[in-house]
Amino acid sequence: MTALSTLPLIAHRHLDAVVAWRGSTPVSVRQFLGEVEYVAGQLPPGRHVLNLCGDRYRFTVALAACIVSGRVSLLPSTHTPEMVRQMQRIAPDVFCIADQGADVDLPTFRYPESMPPPAVTPAIPDIDCAQVIAQVFTSGSTGVPVPHVKRWGSLVRNVRAEAQRLGIGVGHAILGTVPPQHMYGLESTVLMPLQSGAALHAGRPFYPADICAALASLPRPRVLVTTPYHLRALLTEQATLPAVDQLLSATAPLSQDLAEEAENRFGTPLHEIYGCTETGQLASRRTTAGLEWQTLSDIRLRREGQTLWAEGGHIDRPTCLADVIELTGGSPVSTTFLLHGRHADQVNIAGKRTSLAYLNHQLNAIPGVQDGIFLLPQGDSPDSIHRLTALVVAPGLIPSALTQALRERIDPVFLPRPLLFVDALPRNATGKLPSQITQDLLTTLQAQSATREPA
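What the sequence shown shows, in full-length UniProt numbering, is residues 1 to 455, in sequence order.
The hints are simulated quantities; they were obtained by calculation from the structure and are not laboratory data.
Ideal placement from N, C-alpha and C gives every residue a C-beta, glycine not left out.
A couple of the hints might just be wrong.
[What the hints assert, rightly or not] Simulated restraints on C-beta separations:
#	residue 1	residue 2	range
1	Gln306	Ser24	23 to 29 Å
2	Val120	Val170	21 to 27 Å
3	Pro45	Pro125	17 to 23 Å
4	Asp126	Gly396	17 to 23 Å
5	Ser297	Ser255	52 to 58 Å
6	Gly23	Gln306	28 to 34 Å
7	Glu278	Thr80	19 to 25 Å
8	Ser24	Thr78	47 to 53 Å
9	Pro219	Pro426	44 to 50 Å
10	Glu263	Pro434	43 to 49 Å
11	Val170	Gln100	19 to 25 Å
12	Gln306	Thr121	35 to 41 Å
[Unchecked claim] Cut-off 20 Å, straight-line C-alpha distance, at most; resulting in silico cross-link-like pairs (EDC-like, lysine to aspartate or glutamate):
#	residue 1	residue 2
13	Lys432	Asp371
14	Lys432	Asp345
15	Lys432	Glu311
16	Lys432	Asp316
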């Protein structure tokens, strides 16, 4: 079958269909297209854009305006001053789009506060499948961000495969707790609604009570796109949860216990998405059904020696994966697999091996632990370390009791020295812990207090 050369900006078939929700107020396709056309006509010169709109709907309008006007959205993992300088070096013509105060040293286009009325019958634009609409970034070995281009056709095929796997389509309302600037947020809370006929929610609630209120304001069927961090907070802090019709999680693997509790409390299936910056989304699983992952439509994994390749489906060319993956089915080419973590996540102490992901899972599974993470000593490689450190949020526990609980779960050579208690971990909007910020916190804690050694 010949691949299409263009694909529409949105999959909605009727101008009066709902493409977004602003609180409990629907936004029609007609209004959306009118705003996209207006913003596209107002943008300043410059082909590269840093979209910092905090409102998800405005982010989406700005993204679409960039797409139809041939601009490229830069999507770095952070917006620190140094990262902004890196973006300027990569794309000297970059400017920022913001809907509120943006603390970045870039020319800034302010998102319009008011829009003219839309055309009576606006046309849905067709976009060239080969058009580069975004650049996402991974960390290079030298600290310089490495760009990865994202083309329209590949992104559309990716999120359509996701929607098909999850059964999401016309009528679904999708609420996300992750920012749209993050790859997972872009795919699952922006592009998937646009390409499935569903409707996105404009907000990005963070606190559990706000998430519940936003969900309750949406019509059913409704979908919550979230992370293990937000999910754990919801289950811990909210006695009553609104009904949803689909739960989706990514950014870190879920434990089966947490997935089972979430399904029971929300009364709905929970699925996880697995992917990476280089490839986008690759696979999904219903965690309570087992640990095995199933690749999305037409994607397969192929092992050559020690190297694992992802290919097919929306992936333009075979791409090497950095994760430790065990193919299942007894063949070097498979559509099912087990995920064991990242190569850089592996730990070797005194000839014994484990992974930080496994240690973190065991730490967070201890009753009374609200959050926690194991850290490699700064500057050590996984194969040269002699001690691990752990930061933990556990206000009801004492160090000796927590250490004893860890002894019952992990080999003693992996016990953290020191084990430091904190009020909170510096997680970002996707629930991840930025490495440098976490190491800075560790340095501060070690400078402020004596190291606590387990008995």
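Structure-based check of all given hints:
1. Checked against the hint of 23 to 29 Å, the C-beta distance between Gln306 and Ser24 comes to roughly 53 Å, which is inconsistent with it.
2. For the pair Val120 and Val170, the beta carbons lie near 23 Å from each other, so the given range of 21 to 27 Å is met.
3. The hinted window of 17 to 23 Å between Pro45 and Pro125 holds, with their beta carbons roughly 21 Å apart.
4. In this structure the supplied range 17 to 23 Å is violated for Asp126 paired with Gly396, their Cβ-Cβ distance being about 58 Å.
5. About 27 Å separates the C-beta atoms of Ser297 and Ser255, a value inconsistent with the hinted range of 52 to 58 Å.
6. A hinted range of 28 to 34 Å for the beta carbons of Gly23 and Gln306 is inconsistent with their spacing of about 51 Å.
7. Between Glu278 and Thr80 the CB atoms are about 22 Å apart, so this pair conforms to the stated range of 19 to 25 Å.
8. For Ser24 and Thr78, the hinted distance range of 47 to 53 Å is not satisfied, since their beta carbons lie about 33 Å from each other.
9. Pro219 and Pro426 have their C-beta atoms about 36 Å apart, which leaves the hinted 44 to 50 Å range violated.
10. For Glu263 paired with Pro434, a C-beta distance near 30 Å fails the hint of 43 to 49 Å.
11. Checked against the given bound of 19 to 25 Å, the beta carbons of Val170 and Gln100, roughly 32 Å apart, lie outside it.
12. In this structure the supplied range 35 to 41 Å is violated for Gln306 paired with Thr121, their Cβ-Cβ distance being about 57 Å.
13. Taking the CA atoms of Lys432 and Asp371, the gap is near 12 Å; set against the 20 Å cutoff, the hint holds.
14. A threshold of 20 Å between alpha carbons decides the hint, and for Lys432 with Asp345 the separation of about 15 Å falls inside it, so the pair holds.
15. A distance of roughly 27 Å separates the Cα atoms of Lys432 and Glu311; the hinted pair therefore is violated under the 20 Å criterion.
16. Using a Cα cut-off of 20 Å, the hinted pair Lys432 and Asp316 is violated, with the two alpha carbons roughly 28 Å apart.
Hints 1, 4, 5, 6, 8, 9, 10, 11, 12, 15 and 16, counting from the list given before, are not met by this structure.
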